[in-house]
Amino acid sequence: MNKLITIPEAEKGLPSVRTDLGLLQWISSVDHKQLGIMYLLTALLFFVAGGTEVMLMRIQLMVPNNTFLSPEAYNQLFTMHGTTMIFLVLMPTLIGLGVYMVPLMIGANDMAFPRLNAFSLWMTLFGGLILYFSFLDGGAPNAGWFNYVPLSNSNFSSSKGVDYYCIGLILTGIGTVTGALNFVVTILTMRAPGMKMTYMPIFVWMMLITAFLILGAFPALNAGLSMLLIDRQLHAHFFSPSSGSPILWQHLFWAFGHPEVYILALPPFGILSEVVPVFSRQPIFGYRFLVGSGIAIALLAFGVWAHHMFATGLGNPVNGFFALGSVLIGIPTGIKVFSWALTMYGGSIRFNTAMLFATSFIVEFTIGGLSGMSFALVPLDWQLTDTYYVVAHIHYVFLGGTLYSVFAGLFYWFPKITGRKLSEKLGRIFFGMFFVGFNLTFILQHILGVLGMTRRVYTYPDLPHFGALNMASSIGAFLMGASMLVLFWNIWTSLRKGEKAGDNPWNAWTLEWYTSSPPDPKNFEAVPPVRSARPLWDMKHPENPDWKHHH
Amino acid sequence: MKTMQTKLLMKFFIASEAIFFISLIISYIYYRHLSDVISITDNHLDATSTGIFTVFLLASSGTIWWGRRGLHQGKPKTLALGLAITIVLGAIFLYGQGREYAHLIQDDITIDRNIFGSAFFTLTGFHALHVLTGLVILCIILGLTLAGDYQGTDSAGVASAEIYWHFVDAVWIIVFTVIYLIPLL
Ligand SMILES: [Cu+2]
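Line by line, the protein sequences are chains U and H.
Residue numbering for the first sequence follows the numbering used here, beginning at 1 and increasing consecutively.
Residue numbering for the second sequence follows the numbering used here, beginning at 1 and increasing consecutively.
Isolated chain H, as found in the complex (with noise of 0.2 Å):
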C-alpha cells in the first residue's frame, strides 16, 4: 500500500514538475521567436560535447533500472552497485554541463548579458538543479542500501526514486532537443 502511495505521489509531482519545464521551454521557444538573438548567440554552443555528456545521462537511466531490478530479485547488492554507477553517470553529465557554462562565460555569454544568456542559464540550470536534487536523493538511498535498510524486494523510496530519475532524464531529452538540436536543422 505505502509502496504504492509513494509513486502515485511520485507520478502526480513529476506530472507537476513536467509543468513547470513545459513553461519554461515554451518561454525559450517563444523568445527565439520573438528576436533573432537566440538564434545568433546560440552558435556558440557546443553540441557535440554535450551530445556525448548526454549519452552519459541516458545511459543513468537504464543503470538505475537494472539497480532496481536487482532489489526485486532479492540481491540489494546490484542495487548498490547500479545506484552507485547512476551517481556516477549524473556526476558526468553535470560535469559536462559544468564546462559548457565555462565556455559560455568565457565567450563573455552571461545571464544578464541578453535573453539567449538569460533563457539558456535558466532552463538547463533549473534542469542541473533537478539533477544534483536527484543526485542527493541517490545518495542517501545508496547510503541505506549499504547500511542494509532495503531487506525485502520492493521499497517505496527506492521505486519513486527512479521514476524522479527517469523524469529528470526526459527532460533533458526535450531541453537538448529544443536548444542543441533544432538550431542545428
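Only chain U is shown next, with the shape it has when bound in the complex (with noise of 0.2 Å):
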C-alpha cells in the first residue's frame, strides 16, 4: 500500500475468559466466532491427542521385531489415530472456520442458526469425548477407522470400542449434518445485499458444496453405524457372514467415505482461493471453473466409492466402472491447479508462511492426486492396497492437501480472529520443520508400499531396507511433531505480543477484512456495496472497479 492509514484498534474484543461472567459465557455462546473459536479448539484438543497416538505407533515401528507397543495396543492406537484425525480434528477444524469466516465473509451478522449453530459444537465435541470414553472402559476400538465387519462384529471385537466408535461417530455425525444444513441457509439467504452467488468468496463457495456433500453422505454411514450397533447390541444379522452381508458394510462406509474425501478436500480448495489471489496480488483465475469444477468433483464423489473395493472381488465390469469415475476427477481437480497456478503467473508474489503453504499444498496435493491415481487402475490398486503406499497416499491427501490448506488459513486469517499477526520468522522455521518432516515421512513410505510392507500391523520383520526406511520415516515424524511445538510456541507468544494486524493487514478484497480484527460482537454495522467478487479492491479503486469488466 503506498498510502498509509493510521486505523483505529478494536476495542472490544471477544470476552475474556478472566472476565466475572468469562467461561459461562463462553458455554452458553450461541455467537458464531465464539462458536468457531470453540470448534478449533476442539480440533486443537483431539489434535494433540490423535498426534500422541501416532508418536507412539512411530516408536514402536523405528526397528524390526520391536516390543515396546503390544499388538492390542497397537490395534487400538492406529484406530484412535485415523478416526481422530479425521473426524475430530479435520472435519472440525475446517467446519470451525467455515462457521467463523462464512458470516464474515458473505457480510451477515451470525448464522441464520445461532442456537443449532451451538448444538452442532456441542454435539462434535461430546461425541468425540464419548469415543475417548472407550480408553477407560475396557479399550478403545480396534478394528481400523473404517472398522471392518466381520473384524468388528462382537464374536471378533468383544471388547465395548467398537460400540463407542458407533455412538461416538452417530452423534458427531449430527453435529455435522446440523452444521451443514445451517451452512447451506445462512449461504442460501444471509448475503449481503447486492451478493450475487457469482460474487461470493470462492470459500464459501466451497463451504456451500461441502455442506450438499455432508448431507449426502453421512446420513449413508450413519445407516451403517446404526445397523452395526443393532447387530452388536440386539444381536441382529445385518453384517454377518453366515446370514447377513459384510459387503454391505463396505458399500455403506465408501458410500460415506469417498465424499468425506471431499468434504476435507473443497474447503481447503476453498483457502487456497482465498490466499493465492490475496498474496500474488491478482483477482483468482478462473473465477467459474473453480467454482465448476467443485460442483462436477462433489456429483463425482458419490459414484466412485467402490474403487476402494477392487480386492473384494465385485467383477470387472463393476471395477471398471468405478476405476473410470475415479480417473475422471482428475480432470476437475486439474482444473483447480491450473486456475492457481495461473493466479499466481506474472503476479507479484509475497512469500510469507500462508502463502508457503499454500504453493506447497498445489505439490503435495498433486502428489497425493497421482499416487490416488495409482489406486484407480485396478490391477495396481491389488497390488498396493493394504500396504504403506496407501498409509503415504492418504496421508499426501490429508496432510499435504487439507492440513497444509488449513496452516494457510491459520496464519491468514489468524490476525482477523485475535487482532495480531502470526510471528513470520517463527512461522518461516515452522513451515521449513513440517515440509522436511512430512516429505520425510511419508515419500518413503510409498517405497516401503511397493516393497510390500502391510500396513495395520504392529511390527515387521527384519527385511533389507525395511528397518531403514522405517528410521527415517519416524525421524521424518519426530521433526513433524517437533514443528507443532513452534506453531504452538508462535501462538502462545503472538496472541501476546504479536505485531497489531488492524482491520486488512494483507490489503485482501473479501468483506470479512472490512470489520475490525477481532470483530466487534456485531460484526457489521453496514456492509460496502457489492458489485462483485472483490467488493474491498472496488471500494479501494473508484476509478477501476472489477464490476466494470466482464470476467
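Bear in mind the hints are in silico, worked out from the structure with no lab data behind them.
We put the beta carbon where it would ideally sit given N, CA and C, even for glycine.
Heads up, a few of these hints could be off.
[To be verified] In silico SDA-like links for lysine to any residue, alpha-carbon gap of 25 Å or less:
| # | chain 1 | residue 1 | chain 2 | residue 2 |
| --- | --- | --- | --- | --- |
| 1 | U | Lys500 | U | Leu536 |
| 2 | H | Lys7 | U | Pro114 |
| 3 | U | Lys160 | H | Asn114 |
| 4 | H | Lys2 | U | Ala526 |
| 5 | H | Lys7 | U | Thr189 |
| 6 | H | Lys11 | U | Lys160 |
| 7 | H | Lys2 | U | Lys425 |
| 8 | H | Lys2 | U | Leu116 |
| 9 | H | Lys7 | U | Leu536 |
| 10 | H | Lys2 | U | Ile295 |
| 11 | H | Lys11 | U | Trp122 |
| 12 | U | Lys196 | U | Gln282 |
| 13 | H | Lys2 | U | Lys500 |
| 14 | H | Lys11 | U | Asp110 |
| 15 | H | Lys2 | U | Ser483 |
| 16 | H | Lys2 | U | Val30 |
| 17 | U | Lys196 | H | Asn114 |
| 18 | H | Lys7 | U | Leu300 |
| 19 | U | Lys497 | U | Ser483 |
| 20 | H | Lys11 | U | Ala118 |
| 21 | U | Lys497 | U | Asn439 |
| 22 | H | Lys11 | U | Phe302 |
| 23 | H | Lys2 | U | Met197 |
| 24 | H | Lys11 | U | Thr198 |
| 25 | H | Lys11 | U | Asn109 |
| 26 | U | Lys425 | U | Arg496 |
| 27 | H | Lys2 | U | Ile174 |
| 28 | H | Lys11 | U | Gly138 |
| 29 | H | Lys11 | U | Leu300 |
| 30 | H | Lys11 | U | Leu188 |
| 31 | H | Lys2 | U | Leu188 |
| 32 | H | Lys2 | U | Val527 |
[As the list claims (entries may be wrong)] Computed list of chain U residues with no C-beta within reach of chain H, every gap over 10 Å:
| # | residue |
| --- | --- |
| 33 | Gln25 |
| 34 | His81 |
| 35 | Leu188 |
| 36 | Pro219 |
| 37 | Asp231 |
| 38 | Pro241 |
| 39 | Ser374 |
| 40 | Val378 |
Mind docking these for me? Both chains are given alone in their own frames, and the hints should help you get the complex.
Structure, rendered in C-alpha cells:
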C-alpha cells in the first residue's frame, strides 16, 4: 500500500475467560465467532490426542520386531489415530473456520440458526469425548478407522470399543449434519445485499458444496453405524458372514467415505482460492471454472466409492466402471491446480508463511492425487492395497492437502480472529520443519508399500531396507511433532506480543477484512456495496472497479 | 424471513433424512435378493391390517394441511383442531405398528431371529421413531396453539412441522410398498 492510513484498534474483542462471566459466557455462547474458536479448540484438543497416538506408533515402528507396544495396544492406537484425525480434527477445523469466516465473508452478522450452531459444536465435542471414554471402559475401538466387519462384529471385537465408535460417530455425525444445514441456509439466505451467488468468495462456495456433500454422505454412514450397533447390541444379522452381508458395510461406509475425502478437500480448495490471489496480488484466475469444477467433483464423488473395494471381488465390469469414474475426478481437480498456478503467474508474489503453505499444498496435493490415480488402475490397486503405499497416499491428501491449507488459512486469518499477526520468523521455521518432516515421513512410505510392507500390523520382520526406511520415516514424524511445538509457541507468544494487525493487514478484498480485527460482537453496522467478487477492491479503486470488467 | 429460513432448513433436513431411509430400504431390498429368508418369513406379515392403519397415517397428512390452512386464514382454533386430529391419527398408526410387532414376536420372529427380523424391525423401527418424534413436535405445537402463541397467519414452527409430517408419511408409503405390497405381487 502506498497510502498509509492509521486504522483504529478494536476496543472490544471477544469476552475474556478472565472476566466475571468468562467461561460461562463461552459455554452458553451462540455467537458464530466464539463457536468457531471453540470448534478450533476442540480440534486442537483432539489433535494433541491423535498426534500422541501416532508418535507412540512411530516409536514402535522404528526398528524391526519391536516390542515397545503390544499388538492389542497398537490396534487401538491406529484405529483411534485415524478416527480422531478425520472426524475430530480435520472436520471440526474446517467447519470451525467456516463457522467463523462464512458469515463475515458474506456480510452477515451471524449464522442463520445461532442456537443450532451451538448444538452442532457441542454434539461434535461430546461425540468425541464419548469415543475417548472407551479407553476407560475396557479399551478403545481396534478395527481401523473404517471398522470393517466381520472384524468389528461382536464375536471378533468383544470389547466395547466398537460400540463407542458407533455411538461417538453417530453423535458427531448429527452435529456435522446440523452444521451443514446451517451453512446451506446461511449462505443461501443471508448474503449482503447485492452479493449474487457468483460474487461469493470461493471459500464460501466450497463450504456450500461441502455442506451438500455432508447432507448426502453422512446419512449412509449413520445407517451403517446404526445397523452395526444393532448387530452388536441386539444380535441382529446385518453384517454376519453366514446370515447377512459383510460387503454391505463396505458399500455403506465408502458411499460415505469417498465423499468424505472431498468434504475434507473442497474447503481447502476454498482456502487456497482466498490465499493465493491475495498474496499474488491478482484476482483469482477462472472463478467460474473453480466453482464449476467444485460442483463436478461433488457430483462425481458419489459415484466412485467402490474404488475402495477393488480387492473384494466385485467383478471386472463393476471395477471398470468405478475405475473410470475415479480417473475422471482428476480432470476437475487438475482444472483447480491450473487456476491457482495461473493466478500466481505474472503476479507479485509475497512468499510469507501462508503463501508457502499454499504453494506447497499445490505440489503435495498433486502428489497425493497422482498416487490416488494409481489405485484407480485396478491391477495396481490389487498389488498396493493394504500396504504402506495407501498410508502414504492418504497422508499426502489429508496432510499435504487438507492440513497444509489449514495452516495457510491459519496464518492468513489469525490476524482477523485475534487482532494480531503470527510471527513470520517462527512461521518460516515451522514451515521448514514441517515440510521436511512431512515429506521425509511419507515419501519413504510409498517405497515401503511397493516393497510389500503391510499396514495395520504392529511390527515387521527385518527385511532389506525395512529397518532403515522406517527409522527415517519415524525421524520425519518426530520432526513434524517438533514443528508443532514451534507453531504452538508461535500462537502463544503472538497472542500476547504479536504485531497488531489492523482491519486488513494483507490488503485483501473480501468482506471479512472490512470489519475490525477481531470483529466486534456485532460483525457489521453496514457493509460496502457488493458488485463483484472483490468488494473491498472496488471500494478502494473507484476508478477501476472489477464490476466494470466482464469476466 | 425466519419462516422462509426455517422451512428451507426443514426441507434440506428431510432430504438428508431421506438418504438415511434410502440406505435402509436399499439394504432391505438387497437382503431380499441375497437370501430366501425374507420371502419365506414375510408371509407372517398382516398386510390388510397394516394397510388399514396406513390409511390413518395418510389421512393425518390431510388433517395437518387443513389445520395449517386454518392458521393462514387467521383461525387458530382450526389449527388446534387439525393438530389434535393429526395427533390422534398418528397415535392410531403407532398402535397398529405395535400390534404388528406383537403378532410377529408371538410367532417368534424377533430382531435377532434372522435377517428378515433384523431388516424389518430396523427399517420400520426407525420409521416409527420418526413418527413418535413427529407426535412430540405436534403435541408441543398444539400446546403452543392452545396457549395462544400463534396470532399471525404464518408460523415457522407450524410450517416446518407440517413439512416434516408429510415426509414421515411419504417414507411410510415407500416402506409399506417395499415390505408389504411387493411380496404380494
Ligand atoms: Cu475414494
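*Starting from Lys11 (chain H), check that the Cα of Ala118 (chain U) is at most 25 Å away, please.*
holds, 21 Å
_Pair hint outcome, Lys7 (chain H) versus Leu536 (chain U) [Cα-Cα no greater than 25 Å]_ = Measuring from Cα to Cα gives roughly 33 Å; hence the hint is violated.
_Over 10 Å from every CB of chain H: does Val378 (chain U) meet that, or does the non-interface label fail?_
holds, 24 Å
*Far enough from chain H: is every CB of that chain over 10 Å from the CB of Pro241 (chain U)?*
holds, 12 Å
_Next pair to validate is Lys2 (chain H) with Val527 (chain U); report whether the Cα-Cα distance is within 25 Å._
holds, 22 Å
*CA of Lys2 (chain H) to CA of Leu116 (chain U), is that 25 Å or under?*
holds, 14 Å
*Gln25 (chain U): least C-beta distance to chain H exceeds 10 Å?*
holds, 25 Å
*Straight-line alpha-carbon gap Lys160 (chain U) to Asn114 (chain H), limit 25 Å*: holds, 24 Å
*Pair hint Lys2 (chain H) and Lys425 (chain U), alpha-carbon separation not exceeding 25 Å*: violated, 48 Å
*Within a Cα-Cα threshold of 25 Å, do Lys2 (chain H) and Met197 (chain U) meet the stated pairing?*
holds, 20 Å
*Restraint check for Lys7 (chain H) with Leu300 (chain U), where alpha carbons must lie at most 25 Å apart*: Violated, because 29 Å separates the two Cα atoms, which is more than 25 Å.
*Taking C-beta pairs only, is Ser374 (chain U) more than 10 Å away from all of chain H?*
Holds: least Cβ distance 30 Å, greater than 10 Å.
The structure fails hints 6, 7, 9, 10, 13, 15, 17, 18, 21, 28, 35, 36 and 37 (numbered hints given earlier, in ascending order).
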